[in-house]
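Number of protein chains: 2
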Amino acid sequence: MQDSAQSALATSTILPLDGAYDLGRAMADTAENIEQVLNSLLPELRPGEPPVVAAMRYATLAGGKRLRPFLVVSSARVFGVTGPGVLRTAAALEMVHCYSLIHDDLPAMDNDDLRRGRPTTHKAFDEATAILAGNALLTLALEILGNAVTHPESDVRISLVTGLARAAGVAGMIGGQAMDMAVHETPVMDLDGLIRLQQLKTGALFAFAGEAGAILGKAADDARRALISYAYDMGVAFQIADDLLDVRGEAKDIGKTPGKDAASGKVTFVSLLGEGEAEVRAHEFSDRAIRHLDAFGPEADALRAVARFAVERRK
Amino acid sequence: MQDSAQSALATSTILPLDGAYDLGRAMADTAENIEQVLNSLLPELRPGEPPVVAAMRYATLAGGKRLRPFLVVSSARVFGVTGPGVLRTAAALEMVHCYSLIHDDLPAMDNDDLRRGRPTTHKAFDEATAILAGNALLTLALEILGNAVTHPESDVRISLVTGLARAAGVAGMIGGQAMDMAVHETPVMDLDGLIRLQQLKTGALFAFAGEAGAILGKAADDARRALISYAYDMGVAFQIADDLLDVRGEAKDIGKTPGKDAASGKVTFVSLLGEGEAEVRAHEFSDRAIRHLDAFGPEADALRAVARFAVERRK
Numbered sequence: 078m079q080d081s082a083q084s085a086l087a088t089s090t091i092l093p094l095d096g097a098y099d100l101g102r103a104m105a106d107t108a109e110n111i112e113q114v115l116n117s118l119l120p121e122l123r124p125g126e127p128p129v130v131a132a133m134r135y136a137t138l139a140g141g142k143r144l145r146p147f148l149v150v151s152s153a154r155v156f157g158v159t160g161p162g163v164l165r166t167a168a169a170l171e172m173v174h175c176y177s178l179i180h181d182d183l184p185a186m187d188n189d190d191l192r193r194g195r196p197t198t199h200k201a202f203d204e205a206t207a208i209l210a211g212n213a214l215l216t217l218a219l220e221i222l223g224n225a226v227t228h229p230e231s232d233v234r235i236s237l238v239t240g241l242a243r244a245a246g247v248a249g250m251i252g253g254q255a256m257d258m259a260v261h262e263t264p265v266m267d268l269d270g271l272i273r274l275q276q277l278k279t280g281a282l283f284a285f286a287g288e289a290g291a292i293l294g295k296a297a298d299d300a301r302r303a304l305i306s307y308a309y310d311m312g313v314a315f316q317i318a319d320d321l322l323d324v325r326g327e328a329k330d331i332g333k334t335p336g337k338d339a340a341s342g343k344v345t346f347v348s349l350l351g352e353g354e355a356e357v358r359a360h361e362f363s364d365r366a367i368r369h370l371d372a373f374g375p376e377a378d379a380l381r382a383v384a385r386f387a388v389e390r391r392k
Numbered sequence: 078m079q080d081s082a083q084s085a086l087a088t089s090t091i092l093p094l095d096g097a098y099d100l101g102r103a104m105a106d107t108a109e110n111i112e113q114v115l116n117s118l119l120p121e122l123r124p125g126e127p128p129v130v131a132a133m134r135y136a137t138l139a140g141g142k143r144l145r146p147f148l149v150v151s152s153a154r155v156f157g158v159t160g161p162g163v164l165r166t167a168a169a170l171e172m173v174h175c176y177s178l179i180h181d182d183l184p185a186m187d188n189d190d191l192r193r194g195r196p197t198t199h200k201a202f203d204e205a206t207a208i209l210a211g212n213a214l215l216t217l218a219l220e221i222l223g224n225a226v227t228h229p230e231s232d233v234r235i236s237l238v239t240g241l242a243r244a245a246g247v248a249g250m251i252g253g254q255a256m257d258m259a260v261h262e263t264p265v266m267d268l269d270g271l272i273r274l275q276q277l278k279t280g281a282l283f284a285f286a287g288e289a290g291a292i293l294g295k296a297a298d299d300a301r302r303a304l305i306s307y308a309y310d311m312g313v314a315f316q317i318a319d320d321l322l323d324v325r326g327e328a329k330d331i332g333k334t335p336g337k338d339a340a341s342g343k344v345t346f347v348s349l350l351g352e353g354e355a356e357v358r359a360h361e362f363s364d365r366a367i368r369h370l371d372a373f374g375p376e377a378d379a380l381r382a383v384a385r386f387a388v389e390r391r392k
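Residue numbers (my numbering), protein chains in the order written: chain Z, 78 to 392; chain F, 78 to 392.
One or more hints might be untrue.
Claimed, not checked - Among chain Z residues calculated to face chain F with C-beta under 7 Å, some are: (1) N212; (2) L219; (3) A245; (4) I251.
Keep in mind the hints are simulated off the structure, nothing from the lab. Glycine included, every Cβ here is placed at the ideal spot set by N, Cα and C.
Kindly produce the complete structure, drawing on both the sequences and the hints.
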């Protein structure tokens, strides 16, 4: 698992971005650390037990870019904060992301059989196990944030718990998923609607990644707001780039069949704007994300590099 | 809604239990309070929004005994603690209970069309909405426990959050649901296995109800352990009585077709022990639950009355 997480970044075509900061190396290092922390936080497989634990591990220890954890780590580093508590927070956020993917893939939702070239969790196990594994990951993530090992001060832990719960709840990610399901039935959506959907469905967790760094760093309100705004704009840039990769990317890089979104009639930034205009907008959001960091110095270079990576990546 | 919650208890056949404590009145009062608190904590219905909020409200504001909230309220009262924070904690626990029912009823799980005489949530809405509504209730419950309105001290809130997350997680309720699904496939289970399954699937939330009262009451360790042990044993007594009602009860009282469990070939305390022995065991667990309260005085009478109610109720 660690090898695949590492190689995902090692083969990135945009590295190094500049002489000062090697994003590919930093993301690969974080991905490796997160894989280890996830492995230690997930319940152990024991013989004779129901398959829910195996399904939790299957869905979570599957490598990938670990972009959200990297945002947590990089946001905390803006305030000079590093260490196991940061990685636990990052891993908890990744668990919530993985739970959302398990449930999104269910037959009653997007009904996907494959994710990143592997059977989805309900295909590798069964639907009941997939539903329970998703529930268990959400529950475990919030328990981890509340645990004293994550931070010695209960005020900090409470801010993390309530921040993640809000981001993952009906005013955040779940609201976005519900809106997405409704759109499936009446696929009429303009650009503002799509941005709003994206900001709920995936933006809220990105925003929490920035917020978590600020909470762990005990940042002042304006710094906290700057990181949240950065993460929202970076998230939109990332999503537009995803839609562009869906029409331009190669299957071996993006881990799914190119053109799948277009073929399914899904409303995307590309279907609304066309490729050229979508690319312009992606760069606008990326630039805007970077401008939210103007008050910070080189300690925010990782976040600036991620915002560029979001739109320049090939996978 | 409040009327049905109230009438559920007002028509109970076992009231009053004795001259000193009117359990029926106390449970009806708590049920009414909880209905109001749930109503205020759940997101509001707004026109044009996806149906997930309506589904959350449908599944939660359906009346019922509100036994778990009553246990929270009664356990807190052992330590002289009352007020809005206790009711918020009780309501959060009820949300987790309702989320578990929504997901248990799904086609991939128990595939039930009716609950308490009404269409289950996935029948009244659709599967995707039911899955999301369950997820949203779990998320909201943990957010509520973390909110400063629930208790001024963050240490207390953290204990509530982590306590509920553990009870609802893979080492508690979800573990029990997973075991229950596995049993569906290989229905070979002895009494110890069934008690273990029940203690995970429903006992863990009962235990948290007792624990929550102890946390809110800042109880000493031995008092906290006593309430948890009480709640576990009371939960088993309650479940055995449920199995007895399934074979003895009348449809109008129990809100489902009598004999349903037996007809489905489900392993129950009655199928393992027979009616007579099951009744003996129910009373044993109820008595044992009450003995865990020996260190407390009349301030624990509500809990003693509930343990009797668990096995003497007719619905």
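Comparing the hints with the structure gives:
Satisfaction of the interface hint for Z:N212 is found here, the shortest Cβ-Cβ separation to chain F being roughly 6 Å, below the 7 Å cut-off. Nearest Cβ of chain F to the Cβ of Z:L219: about 5 Å, under the 7 Å cut. The hint holds. Taken as an interface hint, Z:A245 checks out: its beta carbon lies about 5 Å from the nearest beta carbon of chain F, inside 7 Å. Taking 7 Å as the C-beta cut-off, the interface hint given for Z:I251 holds, the closest approach to chain F being about 5 Å.
When each numbered hint is compared with the structure, no violation occurs for any of them.
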